[in-house]
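> Sequence:
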Amino acid sequence: MELTTVWFILIGVLWTGYFVLEGFDFGVGMLLPILGRGEDAADTEKRRRVLLNTIGPVWDGNEVWVLTAGGATFAAFPEWYATLFSGFYLPLLLILVALIVRNMGIDYRHKRDDDRWRRGWDRAIIVGSTLPALLWGVALTNVVAGVPLDADHEYTGGLLTLLNPLALLGGLTFVALFLTHGALFVALKTTGPIRAEARALATKVGLAAAVLALALLGWLGAGRGSAPSWVLTVLAAGALVAALWWNVRGAEGRAFAGTFVTIGLAMATYFTILFPDVMPSSTNPDWSLTAAGAASTPYTLKIMTVVALVFTPIVVLYQSWTYWIFRKRIGTQHIPEPSGVVGA
1 MELTTVWFIL
11 IGVLWTGYFV
21 LEGFDFGVGM
31 LLPILGRGED
41 AADTEKRRRV
51 LLNTIGPVWD
61 GNEVWVLTAG
71 GATFAAFPEW
81 YATLFSGFYL
91 PLLLILVALI
101 VRNMGIDYRH
111 KRDDDRWRRG
121 WDRAIIVGST
131 LPALLWGVAL
141 TNVVAGVPLD
151 ADHEYTGGLL
161 TLLNPLALLG
171 GLTFVALFLT
181 HGALFVALKT
191 TGPIRAEARA
201 LATKVGLAAA
211 VLALALLGWL
221 GAGRGSAPSW
231 VLTVLAAGAL
241 VAALWWNVRG
251 AEGRAFAGTF
261 VTIGLAMATY
271 FTILFPDVMP
281 SSTNPDWSLT
291 AAGAASTPYT
301 LKIMTVVALV
311 FTPIVVLYQS
321 WTYWIFRKRI
331 GTQHIPEPSG
341 VVGA
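Here the sequence shown stands for residues 1 to 344, numbered as in my numbering.
Worth flagging that the hints you see were computed from the coordinates, not collected in a lab.
Keep in mind it's a predicted model, so treat the numbers as computed, not measured.
Quick reminder that beta carbons are idealized off the backbone N, C-alpha and C, glycines included.
Among these hints, one or two may not hold up.
Unchecked claim - So the derived label-pair ranges between C-beta atoms look like this:
| hint | residue 1 | residue 2 | range |
| --- | --- | --- | --- |
| 1 | P57 | A251 | 41 to 51 Å |
| 2 | D113 | L207 | 20 to 30 Å |
| 3 | S86 | D114 | 21 to 31 Å |
| 4 | G71 | P276 | 19 to 29 Å |
| 5 | V127 | L168 | 12 to 22 Å |
| 6 | R37 | D113 | 34 to 44 Å |
| 7 | K328 | R249 | 34 to 44 Å |
| 8 | P148 | D113 | 49 to 59 Å |
| 9 | G223 | T322 | 34 to 44 Å |
| 10 | S86 | R37 | 38 to 48 Å |
| 11 | I34 | A292 | 25 to 35 Å |
| 12 | L317 | A227 | 29 to 39 Å |
| 13 | L317 | L163 | 37 to 47 Å |
| 14 | R37 | T312 | 39 to 49 Å |
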């Protein structure tokens, strides 16, 4: 296998790692006003702290994957990086701003013992989780489906070009999948009423996600699909159905693994449909940017391969250790009474 193909697969793995890990972070953030609603202000604050504590030890580590994916794309496929980041500048900028706002919310909401202060940062977390989930789906769906490129591989469309029906369906599908993934993670990591409510919500949202995902992957497959991509689509659908079935039976670990696999297979479907292109042109197929045409020199790819072989196992082992250390459940009984909450 050529190094160009190897690095296309590796970049697909990096983006998959980002979405299966950061996906439940986004889901937990979006669920803050739903699962975080208590009987009174004090109970609401406790529930929201429980939700944020489930992702507290891991969310920043999960974001490393997107940095690595972006850096690897820049190094291995510089022309792909140039076309993608120049053409999708505004959506990617909005994602970056939203991520910064969300991260500030997670870090700063507990810095002041004041109800109004926390509500403001809660809104930042909710918006900063929802917007990236939606825009990542829009952006990646456009990449796979094809966008207007000229003969020099320059993007010739505008923002409204990216907001087409297929891409918007992709955005809604990502939101629904991440909500399901996040709800199952909460069910896996909590005790008491939050756990039961998260399981019930995961079933409802998961059914909607299944419908949206089948419509999205079927639409993409009808345009650019192949036999392998259709097999992956069927497997992704099966994994999601299995996740919902296990959730109903109370097997939360297996259910969460099911959505983990579902998102992974969905991303595999995306990259299978995309290859051998990295940026298909909807203007003229002959103007599409291919993996071979966008790649760096063989020497650069060889150096990157050696570095990846050395450091990737270290990162995976460290992150796995982090999840193992913080594997225990948490409930509102573990949260002290908030002295600054109105009504406490």
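> So does D113 sit 20 to 30 Å from L207, Cβ to Cβ?
The hinted range 20 to 30 Å is violated for D113 and L207, with Cβ atoms some 40 Å apart.
> For the pair G223 and T322, does the Cβ-Cβ distance stay inside 34 to 44 Å?
holds, 40 Å
> Starting from the hint 25 to 35 Å, judge whether the C-beta atoms of I34 and A292 obey it.
violated, 46 Å
> Verify the CB-CB distance for K328 and R249 against the hinted window 34 to 44 Å.
Since K328 and R249 have Cβ atoms about 22 Å apart, the given range 34 to 44 Å is violated.
> Okay, P57 versus A251 on CB: inside 41 to 51 Å?
Given range 41 to 51 Å: violated, Cβ gap about 24 Å.
> Holds or violated: the 29 to 39 Å window for the beta-carbon distance between L317 and A227?
Holds - the Cβ-Cβ distance for L317 and A227, about 36 Å, lies within 29 to 39 Å.
> Honestly, do R37 and D113 meet the 34 to 44 Å range at C-beta?
violated, 21 Å
> Return holds or violated for the Cβ distance of R37 and T312 against the range 39 to 49 Å.
holds, 41 Å
> Has the hinted range 37 to 47 Å been met by the Cβ atoms of L317 and L163?
holds, 41 Å
> Determine whether the Cβ-Cβ distance between V127 and L168 falls within the hinted range of 12 to 22 Å.
Since V127 and L168 have Cβ atoms about 18 Å apart, the given range 12 to 22 Å holds.
> Honestly, do S86 and D114 meet the 21 to 31 Å range at C-beta?
violated, 43 Å
> Against the range 38 to 48 Å, how does the distance between the Cβ atoms of S86 and R37 compare: consistent or not?
The hint (38 to 48 Å, Cβ to Cβ) holds, given that S86 and R37 are roughly 42 Å apart.
Checked against the numbered hints given earlier, this structure breaks hints 1, 2, 3, 6, 7 and 11; the rest are met.
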